[in-house]
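Number of protein chains: 4
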Amino acid sequence: MIVVLKKNPDEKQLNNLMAWLKSLNISIHESAGDIHTILGLVGDTTMVDIDLLRALDIVVDVKRVQEPYKNANRKFHEEDTVVPVGNTQIGGGVFSVIAGPCSIESEEQISLVATAVKAAGATMLRGGAFKPRTSPYAFQGLRGHGLELLLIAKKLTGLPVVTEIMDLSQLHLFDDVDVIQVGARNMQNFELLKELGHTNKPILLKRGLANTLQELLMSAEYIMAGGNNQVILCERGIRTFETAARNTLDLAAIPLLKRMTHLPIIVDPSHATGISALVKPMSLAATAAGADGLMIEVHNDPKRALCDGAQSLTPTAFQDVMNGVRAILPYAYQMSKEEKQ
Amino acid sequence: MIVVLKKNPDEKQLNNLMAWLKSLNISIHESAGDIHTILGLVGDTTMVDIDLLRALDIVVDVKRVQEPYKNANRKFHEEDTVVPVGNTQIGGGVFSVIAGPCSIESEEQISLVATAVKAAGATMLRGGAFKPRTSPYAFQGLRGHGLELLLIAKKLTGLPVVTEIMDLSQLHLFDDVDVIQVGARNMQNFELLKELGHTNKPILLKRGLANTLQELLMSAEYIMAGGNNQVILCERGIRTFETAARNTLDLAAIPLLKRMTHLPIIVDPSHATGISALVKPMSLAATAAGADGLMIEVHNDPKRALCDGAQSLTPTAFQDVMNGVRAILPYAYQMSKEEKQ
Amino acid sequence: MIVVLKKNPDEKQLNNLMAWLKSLNISIHESAGDIHTILGLVGDTTMVDIDLLRALDIVVDVKRVQEPYKNANRKFHEEDTVVPVGNTQIGGGVFSVIAGPCSIESEEQISLVATAVKAAGATMLRGGAFKPRTSPYAFQGLRGHGLELLLIAKKLTGLPVVTEIMDLSQLHLFDDVDVIQVGARNMQNFELLKELGHTNKPILLKRGLANTLQELLMSAEYIMAGGNNQVILCERGIRTFETAARNTLDLAAIPLLKRMTHLPIIVDPSHATGISALVKPMSLAATAAGADGLMIEVHNDPKRALCDGAQSLTPTAFQDVMNGVRAILPYAYQMSKEEKQ
Amino acid sequence: MIVVLKKNPDEKQLNNLMAWLKSLNISIHESAGDIHTILGLVGDTTMVDIDLLRALDIVVDVKRVQEPYKNANRKFHEEDTVVPVGNTQIGGGVFSVIAGPCSIESEEQISLVATAVKAAGATMLRGGAFKPRTSPYAFQGLRGHGLELLLIAKKLTGLPVVTEIMDLSQLHLFDDVDVIQVGARNMQNFELLKELGHTNKPILLKRGLANTLQELLMSAEYIMAGGNNQVILCERGIRTFETAARNTLDLAAIPLLKRMTHLPIIVDPSHATGISALVKPMSLAATAAGADGLMIEVHNDPKRALCDGAQSLTPTAFQDVMNGVRAILPYAYQMSKEEKQ
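Chains as they are written, first to last, in my numbering: chain L, 1 to 341; chain U, 1 to 341; chain E, 1 to 341; chain V, 1 to 341.
Among the hints, a few may not be true.
A pair counts as met if it fits within one copy or between any two copies, since identical chains are not told apart.
[Stated by the list, open to error] Derived DMTMM-like pairs (lysine to aspartate or glutamate); straight-line CA-CA distance at most 20 Å: (1) Lys63 <-> Glu30; (2) Lys118 <-> Asp57; (3) Lys201 <-> Asp178; (4) Lys337 <-> Asp57; (5) Lys194 <-> Asp167; (6) Lys118 <-> Asp301; (7) Lys7 <-> Glu338; (8) Lys6 <-> Asp320; (9) Lys201 <-> Glu338; (10) Lys12 <-> Asp176.
Just so you know, these hints were derived from the structure itself, not from any lab. Owing to the predicted nature of the structure, the values given are computational and were not obtained by experimental measurement.
Model the full assembly from the supplied sequences, consistent with the hints where possible.
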């Protein structure tokens with residue numbers, strides 16, 4: 001951590017600062033310039049409150065050199081994390097495709113879709129039971145009953161299931177769910193993250209619409225700090241000024257995150273774009289850029305889907321995407337061993 | 001609601017669409033052009049899922065004419081909402097100033113700050129007990145004990161208190177709190193909003209960092225749909241590309257929201273800018289633009305504050321802001337009666 | 001175009017509006033609702049000023065159904081545009097790779113790089129002579145002399161050359177340049193665009209950092225309205241809140257633009273990310289998503305490049321990117337015939 | 001400037017870096033940590049290319065401590081700059097109000113508006129002759145003839161005039177114009193800025209829609225580096241995800257810029273919001289926040305304005321804004337002497 005001080009800082013305040021830093025077991029290298037004096041802080045600065053430092057009268061600016069996340073940091077954990085899920089895994093060379101409807105609507109629907117996506121090559125089944133909807137008047141999901149239907153489809157197909165939790169109070173219903181999804185709007189629901197850190201379930205953590213990659217990793221760190229290292233990151237588009245698609249899918253996040261962290265990264269082109277015709281090209285692009293998997297909405301009848309129908313694929317269209325992904329996969333980007341170090 | 005259809009839409013699909021809309025008690029006006037046919041939907045379209053319409057093969061585009069919020073809508077509720085809080089109120093011509101420390105740290109601290117902000121003219125006391133922090137390693141607030149200390153300061157000064165809830169499970173601790181704050185990161189925590197709609201407490205709802213004004217009103221609608229109309233909106237900056245301040249304070253939100261809704265609107269210049277030197281100019285600007293109040297961080301010793309110290313004012317600086325605000329208040333913008341209709 | 005009117009609009013103003021629209025040869029379909037009356041305007045609405053309509057007292061909202069661009073519009077020009085350049089072309093099934101240094105520095109440098117990128121498979125040579133730099137104290141390019149050196153490298157290798165114009169007054173120097181580049185900061189330099197519309201040179205038009213796809217097409221329309229249809233669009237990242245890379249590369253722009261327009265689309269991963277390690281994964285992703293080509297910075301010694309060195313590849317690294325691109329190309333996304341109609 | 005080096009940097013590369021920096025008369029303070037070594041560069045680092053440094057293999061990160069602008073920097077020029085314009089001035093305690101129509105349409109129109117805004121208290125007249133329009137099919141301004149009409153209105157009222165230049169080639173027509181405006185889209189038209197640096201005219205420089213405050217000052221630096229210090233900055237809204245108003249007016253830019261620079265700052269609420277009803281509240285807010293002036297669109301008949309009518313005020317509404325501004329002005333924010341140092 002680097003602290004830039006004002007010209008001629010008040011002696012007493014400077015001594016206070018030095019004493020406080022030393023009490024945190026941080027050693028200090030000072031270099032005085034004509035205009036500013038620069039302090040280089042060496043040691044474990046994870047616990048230093050950067051806002052507090054900035055608040056000091058004698059401080060002009062503070063800059064972290066070391067990242068504020070540890071457990072999620074590639075620097076301290078060179079090997080890629082692999083998350084085992086049922087009879088499959090996420091990361092470690094297995095390309096995961098999580099497919100299914102936005103909302104679970106009926107036993108027939110989820111069973112039909114589950115069977116279709118399995119046939120097309122999906123490795124996991126997704127389906128929403130608790131649905132975060134912008135409007136209180138929109139369909140909010142089948143909730144507990146939806147989870148039951150999802151588990152029927154799991155039994156039917158053998159596919160592990162992924163579904164979203166919206167509140168801590170729902171956690172007891174997720175015992176037989178394979179992967180718990182934290183949605184973009186809950187990425188910084190810190191009470192939820194802390195509690196999920198005490199479970200032994202894989203957590204699929206979606207990037208918030210206005211969150212940086214560093215913030216995404218800080219949220220992963222919340223889960224990991226509780227002892228649960230099975231975190232899967234998911235890029236699903238960020239909010240920008242462009243309105244031609246629902247959000248702006250940030251595919252550079254894949255190689256950037258691969259450098260920052262050892263956690264697996266998947267991409268959700270359905271929610272990112274909100275347009276079914278964009279799911280295929282963006283799936284191919286995400287695959288080529290080195291993603292560990294995809295999350296794709298598939299519906300037996302997109303025109304009747306109770307939510308997000310505009311972005312769902314038919315099973316036939318999904319099969320076509322899978323064919324494309326499989327063709328590209330052998331030539332996809334892979335970070336070299338040297339870059340991981 | 002307006003639906004733009006493709007050229008020569010499939011007859012059967014069009015009939016299906018028409019039948020479905022009629023089943024929702026919506027009447028349809030059709031106008032056929034050379035390239036597109038346009039349907040004008042008339043009736044209560046709040047329940048129509050716009051994404052579902054967009055998903056239809058024969059539909060090119062859909063546009064809402066009527067807003068998707070009702071209870072919060074100025075059109076259906078011309079008079080400004082006034083929220084009574086203890087011995088004071090928010091809205092209705094009373095300018096509210098909610099001041100206090102970011103985090104409650106000790107009985108001495110909160111008592112000192114409470115006394116100081118009361119003396120300077122604050123109408124309510126704020127103080128954080130449950131703190132949403134980006135890092136799991138940062139101070140997370142005194143939690144339940146913090147609430148107890150806040151209530152001691154309430155008793156001492158008579159000021160009503162405002163404090164943030166982070167999770168549903170904390171709600172039972174808020175019985176003696178006057179206003180429950182929903183933070184920016186929880187603006188779309190819909191399970192929390194629904195539950196708060198069943199309380200009879202005033203709710204201070206902060207705008208999310210990446211949320212539009214319409215989304216803010218949809219979140220207010222969640223609370224109001226449950227029966228609780230005591231919602232206070234709070235503009236606290238949005239996330240943009242500019243990094244000179246922490247966020248970009250969107251003051252045009254004040255007159256825009258005044259047109260869209262009857263709910264009171266306050267502004268938090270402390271969190272919006274993250275820089276104590278900007279609190280005064282932005283407080284004056286928010287007052288001039290017609291805000292119903294301000295929320296300002298004040299600390300007895302900003303250099304020692306456990307969080308967000310960079311944006312806190314000393315009691316003396318807060319007194320100076322209050323003097324400025326009082327001078328400007330008589331000349332502040334007020335929407336005319338005609339504009340409210 | 002759809003015009004939403006206020007409830008009970010003033011009769012006289014409505015008649016004025018109707019008369020004005022009819023004078024523009026636009027026919028009007030009216031549908032009256034309980035709250036709003038909706039006008040559907042049919043005919044050539046390209047010339048209707050949407051801001052002017054919105055300004056009218058009786059108008060609540062206006063929405064374009066038809067795009068405001070014509071020449072660039074896929075709807076009126078189904079076939080993909082192919083731009084011939086020297087012995088090659090852009091679009092029409094040829095994958096173009098435009099490579100070279102950010103700045104031309106010396107005859108030796110540009111000749112070395114040109115030879116290297118040709119050997120690796122580049123189809124065109126790029127090199128900056130006029131350099132838009134944020135700081136007046138930074139290197140501004142070799143200007144006229146740089147163009148001379150670029151033409152020497154063109155003669156040496158036979159590669160067509162692409163280079164940026166910064167001002168109309170430089171146009172006479174571009175006679176032997178094959179493709180004139182308009183940089184992101186000049187995307188809405190309308191005087192420059194108009195003049196380029198009167199040349200017979202292919203124009204490589206880069207998307208501005210804060211410009212929508214529709215605005216990009218409107219700028220293409222400026223060039224095409226002057227009679228020059230040889231426009232190549234270039235996605236090069238937009239400015240968002242994320243700072244992990246220089247800009248956010250918007251790859252969904254490729255399939256979106258393919259739907260909106262018949263013009264070829266290339267991608268510049270070097271400027272978009274500003275990080276050399278991201279050039280390969282983003283090149284593969286852009287290829288997979290269906291781009292017509294790439295624009296890549298290559299330098300013989302990136303560590304000594306006078307500008308933008310951080311994003312330049314060595315010839316060896318560029319060769320590696322080319323190998324990856326060639327492997328993916330056969331499996332890249334292609335829009336179907338039906339989607340083009 | 002601070003340079004963070006990799007652990008165990010290559011000795012030879014480090015020596016090269018050191019030698020290069022010393023050749024630029026920069027002295028270096030080194031502090032070695034467990035993970036990183038930090039170099040503090042002291043001296044005039046304005047000329048150091050930060051991108052070049054970042055490109056070096058041994059460099060992890062670089063951070064400027066000193067701003068990259070000098071002439072515009074408050075640190076090197078404590079006193080506020082005052083720009084004399086005809087019989088008035090901008091900055092130095094005079095509150096400037098620049099009012100007039102978006103486009104000059106006829107002698108009668110510009111004369112009527114000029115007389116009206118003068119009567120209401122405007123200190124300068126604005127009017128567009130060269131109009132940057134997104135569509136090539138929209139009205140492009142009366143151009144040279146428009147300038148003639150503007151000068152007639154100047155003679156009639158005695159008001160100094162402000163009008164926009166779009167291209168270098170138009171400069172010879174601006175001899176009798178008092179202030180030359182550089183529009184938001186040309187903020188980084190560096191060739192134009194350089195040339196304006198060689199004139200002796202005051203330049204009104206508008207912030208680009210996606211430009212940071214530092215970039216705005218770098219563009220001012222381009223003009224000042226040429227010898228022309230008469231630069232007036234103008235905040236006019238930035239592009240964000242919010243679409244309720246045309247752009248997001250960033251009023252914190254006023255006190256932030258006051259700290260960064262000595263140049264005067266005015267605000268354009270008309271273009272920033274694009275909505276006439278927001279001009280008054282945002283004018284009051286900008287005044288309260290400490291702006292040196294306002295730029296407001298006024299039209300004799302907004303409903304017939306050829307462009308931007310939606311944001312224009314009638315002379316009566318403008319008079320009302322002026323009354324409000326005058327009432328607030330005595331209580332507006334002023335930066336203290338100490339803060340300027």
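Tested hints:
Proximity of Lys63 and Glu30 under a CA criterion of 20 Å is satisfied in both settings, with 15 Å inside one chain copy and 17 Å between copies. Neither within a single protomer nor between protomers do Lys118 and Asp57 lie at most 20 Å apart by alpha-carbon distance, with minima of 61 Å and 26 Å respectively. In this homomeric assembly, Lys201 and Asp178 come within 20 Å of each other (Cα to Cα) only inside a single copy, at 7 Å, whereas the closest approach across copies is 38 Å. For the identical chains of this complex, Lys337 and Asp57 are inter-copy neighbours only, at 17 Å across copies versus 45 Å inside a copy, given an alpha-carbon limit of 20 Å.
When the C-alpha separation of Lys194 and Asp167 is checked against a cutoff of 20 Å, the pair qualifies both within a copy, at 12 Å, and between copies, at 12 Å. In this homomeric assembly, Lys118 and Asp301 come within 20 Å of each other (Cα to Cα) only inside a single copy, at 17 Å, whereas the closest approach across copies is 50 Å. Proximity of Lys7 and Glu338 under a CA criterion of 20 Å is satisfied inter-copy only: 15 Å between copies versus 42 Å inside one chain copy. Proximity of Lys6 and Asp320 under a CA criterion of 20 Å is satisfied in neither setting, with 61 Å inside one chain copy and 25 Å between copies.
Taking identical chains as interchangeable, the C-alpha atoms of Lys201 and Glu338 are never at most 20 Å apart, the minima being 31 Å within one chain and 45 Å between chains. Proximity of Lys12 and Asp176 under a CA criterion of 20 Å is satisfied in neither setting, with 60 Å inside one chain copy and 43 Å between copies.
Hints 2, 8, 9 and 10 from the earlier list are contradicted by this structure; the remaining hints agree with it.
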